[in-house]
Amino acid sequence: MSTVKLTVNGRAVSADVEDRTLLVHLLRDHLNLTGTHVGCDTSQCGACVVHVDGRAVKSCTMLAGQADGATVVTVEGIARGEELHPMQAAFRDNHGLQCGFCTPGMIMSAIDIVQRHGGKLDEATVRQELEGNICRCTGYHNIVKAVLDAAGRMKVAQAAE
Amino acid sequence: MYQTNYHRASSVDDAAAQFAKGTESKYLAGGQTLLPVMKQRLAAPSDVIDLARIPALIGIEVSGDAVTVKAATTHYDVAGSADVARAIPALANLAGMIGDPAVRYCGTIGGSLANNDPAADYPAAVLALGATVKTNKRTIAADDFFQGLFSTALEDGEIITAVSFPVAAKAGYAKMRHPASRFALTGVFVAQAKSGEVRVAATGASQDGVMRVPAIEQALKGNWSAAALDGVKVSADGLMSDIHGTADYRANLVKVMAQRAVADAG
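As they're listed, the protein sequences go chains P and D. So that you can map any letter, position 37 of the first sequence is 152 in the numbering used here, and since no number is skipped, the others follow by simple counting. So that you can map any letter, position 168 of the second sequence is 249 in the numbering used here, and since no number is skipped, the others follow by simple counting.
No lab work stands behind these hints: they were computed from the structure. Just so you know, even glycine gets a beta-carbon here, dropped at the ideal spot from N, CA and C. Among the hints, erroneous ones may be present.
[To be verified] Okay, the calculated bits of chain D under chain P, using three or more residues with CB under 8 Å as the criterion: (1) 86–97; (2) 129–136; (3) 203–216; (4) 315–327.
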């Protein structure tokens with residue numbers, strides 16, 4: 116057992132966990148943040164993507180101990196109160212989700228993509244960058260539309276700040 | 082996953098000391114191979130020693146003659162390095178083709194080489210560029226480092242600290258990706274050293290892991306062009322056959338990827 120201390124969605128948290136505990140299980144089972152999903156458990160589907168120190172990583176492929184001291188943001192941490200994050204709003208407006216299972220990972224990966232590429236995103240880039248996120252409904256078309264839409268909204272939101 | 086003990090090492094010496102204390106220790110860097118394998122219960126280390134936060138293992142140094150990538154540097158950082166892109170653009174390209182963005186944020190060059198997966202990308206670059214693998218004990222030439230499937234010259238407990246790539250006159254990499262795993266169904270790295278020596282390495286093809294391809298090296302030595310390979314036949318002996326491709330298919334892929342790599346190298 117080890118004590119893991121990290122900041123999750125702006126809140127300092129501490130948990131005593133077995134050393135074999137994965138970050139995703141710390142989030143879901145110990146912190147009750149069940150928005151982050153376990154899809155494949157083989158590091159391929161991306162449903163578990165969260166931001167660790169600003170980088171979008173698969174939380175099923177990181178031990179909780181590796182994230183000790185890190186700043187973690189999950190899908191629960193991106194809205195401002197009732198106001199959805201521009202990426203969440205774009206997914207809703209563009210029908211970017213069907214069953215919704217892959218959506219938390221899609222959104223966390225997509226925010227990372229927009230932050231890295233800024234205004235230079237095009238459809239081909241979005242599709243390539245989303246390689247690590249699998250949608251079993253195969254709803255990629257509207258997901259890509261949502262990401263491109265959100266890229267514009269995030270730029271506007273940034274300019275307004 | 083079976084029970085294990087996690088240790089975060091503060092230095093290379095600390096990591097080696099922690100490793101020695103465990104009954105069956107494993108080093109952990111990016112974890113993008115080790116953790117999936119542990120989750121499948123195909124590996125059950127008593128202790129995992131985390132190397133990823135050791136400052137001396139992170140960073141890239143570029144001089145006129147060499148690009149040195151410290152072992153815990155992530156694929157993302159190599160792919161995005163303007164210095165690497167200037168000195169050996171094929172190396173930055175290769176790093177950007179590994180896995181997907183989330184994998185590249187975590188996976189490291191040292192981890193990839195220590196694991197020596199027969200379809201991993203970095204071994205092809207290390208072998209074709211004639212790189213030197215530096216460890217906490219010695220330096221190992223690329224020709225001596227890779228010793229077959231998931232086998233390397235590393236001794237138990239030895240830690241890769243950096244990889245030094247000589248800057249080549251020309252270098253290129255091309256890869257036919259497995260669409261689901263994104264590993265190389267076959268990938269070929271071609272390099273022409275400043276001395277004129279031509280070295281070509283293929284990954285994802287041989288049953289023994291990364292390999293040099295003498296037939297292609299010979300053809301490129303006299304004529305560095307994709308067309309020079311038109312008449313070359315790569316032997317299928319010893320190549321992998323699986324549901325994704327036969328040995329003959331891979332033998333042809335080695336040639337085709339080599340041609341694309343030469344075109345990429347310019």
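task = Of all the hints given earlier, name the ones this structure violates by number, lowest first.
result = 3, 4
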